[in-house]
Amino acid sequence: MDDLVIRSVSRLVVPFIQLYGFYVIFYGHLSPGGGFAGGAIVASSMILYGLSFNLEAGSRKLGHDISSLMESGGAIWFLMIGLIGILFGSNFLANRFAGVSLGTPGQLFSGGIIFFLSLGIGVKVASTMITLFYSLSGGEDNSGTNS
Amino acid sequence: MEASPLVGVGILLLIAYVFFYLPRSQIRNLLVIVILFMIGYALVVTVAEMPVFGSANAPAYNHVAERYIEGAVAETGAINVIAAIIMDYRAFDTLGEATVLFVAIAAAIASLKAH
Chain A
1 MDDLVIRSVS RLVVPFIQLY GFYVIFYGHL SPGGGFAGGA IVASSMILYG LSFNLEAGSR
61 KLGHDISSLM ESGGAIWFLM IGLIGILFGS NFLANRFAGV SLGTPGQLFS GGIIFFLSLG
121 IGVKVASTMI TLFYSLSGGE DNSGTNS
Chain B
1 MEASPLVGVG ILLLIAYVFF YLPRSQIRNL LVIVILFMIG YALVVTVAEM PVFGSANAPA
61 YNHVAERYIE GAVAETGAIN VIAAIIMDYR AFDTLGEATV LFVAIAAAIA SLKAH
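Protein chains in written order, with our numbering: chain A, 1 to 147; chain B, 1 to 115.
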């Protein structure tokens, strides 16, 4: 699909979609949203980019290596945050009982590990959706082994 | 509905007999219709016995929900109670969901790159 209107509009809209997605991820413990919804919004911006330009340009923007790094990194980040609870002598994924400072409710950096957990979930959901889209649409056939 | 287990087993045997052993005939068709009406009646009765939507006496509204609503801000520091539940109280469940995502993407890539 090579249309001037769609390309111009999507070039304008993509940064705002990504900003909104990051807002939904970071303010997940204060307003409706969270890691899953925000990650899906961020991924939808990259999917819009890949649809309005061509798929090769989209997969050059966010290659397979970076995407798989985000995918694995999100899961490992979640586990590491969970292990903090054990490190401080409590249960896995413990928040208040591990002695993490909860902060003032309503501030951005409050809620202990909730902020960091939803960040990891957001990264993971975004990379999952992007990788699935580019894998299923065949946008990165030449990046792997040439079989 | 107070049906003894023996009645249930009898109905199951009747269904198995009708569906697997009876030859195709008018009687079989009639019995199939009767059995389907019985199953539909049981499902409708089950739905009718469920609590009304939003009723305060529903089994889902127990002390767990009250604990979440009353103590979430003090116990987790998050204003959004949903985030407090999925990232703090049920964080292990969220880890399972992340694992589901990981397995899904691994299976998709493995089956797409294989050929």
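Incorrect hints may appear among the rest.
Dumping the calculated EDC-like pairs for lysine to aspartate or glutamate here, alpha-carbon to alpha-carbon at most 20 Å [as the list claims (entries may be wrong)]:
| hint | chain 1 | residue 1 | chain 2 | residue 2 |
| --- | --- | --- | --- | --- |
| 1 | B | Lys113 | A | Asp2 |
| 2 | B | Lys113 | A | Glu56 |
| 3 | A | Lys61 | A | Asp2 |
It should be emphasised that the hints constitute simulated quantities derived from the structure, not laboratory data. A quick note: this is a predicted structure, and the numbers were derived from the prediction, not measured.
Verification of the supplied hints:
With a C-alpha separation of about 28 Å, the suggested pair B:Lys113 and A:Asp2 falls outside the 20 Å cut-off, and the hint is violated. At roughly 17 Å between alpha-carbon atoms, B:Lys113 and A:Glu56 fall within 20 Å of each other, so this suggested pair holds. With a CA separation close to 18 Å, the supplied pair A:Lys61 and A:Asp2 stays within the 20 Å bound.
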